[in-house]
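Enquirer: Take the sequences, apply the hints, and build the full model.
Note that UniProt numbering numbers the sequence shown so that position 112 is 112, with each residue one more than the last.
Derived from the structure by calculation, the hints contain no laboratory data.
There's no promise every hint is true.
What the hints assert, rightly or not - Computed spacing ranges between beta-carbons, pair by pair:
#, residue 1, residue 2, range
1, Thr-197, Val-124, 26 to 32 Å
2, Phe-8, Gly-181, 18 to 24 Å
3, Asp-145, Ser-199, 22 to 28 Å
4, Met-170, Glu-193, 15 to 21 Å
We put the beta carbon where it would ideally sit given N, CA and C, even for glycine.
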Amino acid sequence: MIITSAQFVMSNSDITKCPTDNKAEYAFIGRSNVGKSSLINMLTNHKGLAKISSKPGKTQLVNHFLINKEWYVVDLPGYGFAKVAKNTKQRFSKLIFSFIESRPNLVNLFVLVDCRHEPQGKDVDFMEWLGVNGVPFSIIFTKADKLAKQKLSDNIKAYEKELLNTWEEMPPYFISSASNGQGREEILSYIEETNKTLSL
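Expert: This is the structure in structure tokens:
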């Protein structure tokens, strides 16, 4: 897929005010500081599209970006935010789950996982919830450039082992690096092929 245009459309804390033009939505979510904004900018080939911050929890709203005037990238607040107040965490959680449960055009949720770490409880629990609730999702292992190939392979196998304790098969997954563009072609091809199957 070639990205010819990527534009910011809106930010919302009210799900009822999100776009209503019946275009497919691909949402991105993950723990704080997993590299979500960097990945979105890499995928869209637009350095300043999603705002990047070294401070975890920077994304506090649901952000819609229109890609090729055909489909949306949705940047969701992270979960597991270590440095925000408890009531803010609760507000984020409500916003996240409200979006996931209510958006009819949510085609796929990309769950970002930092490949440098072994399976984390919050990630596994969140994916478990998605499965129980029938939410289609894929995993993106981020920051692949930060690990040696063998360690990367070991960590992904650890995730497979953990998930296969309760899943019949591993969800689709991608290995990415916002620094060197790894995974960009595979993720965009996945979106392109998925779009072809839709009848929105």
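Enquirer: Can you list which hints this structure breaks, lowest number first?
Expert: 3
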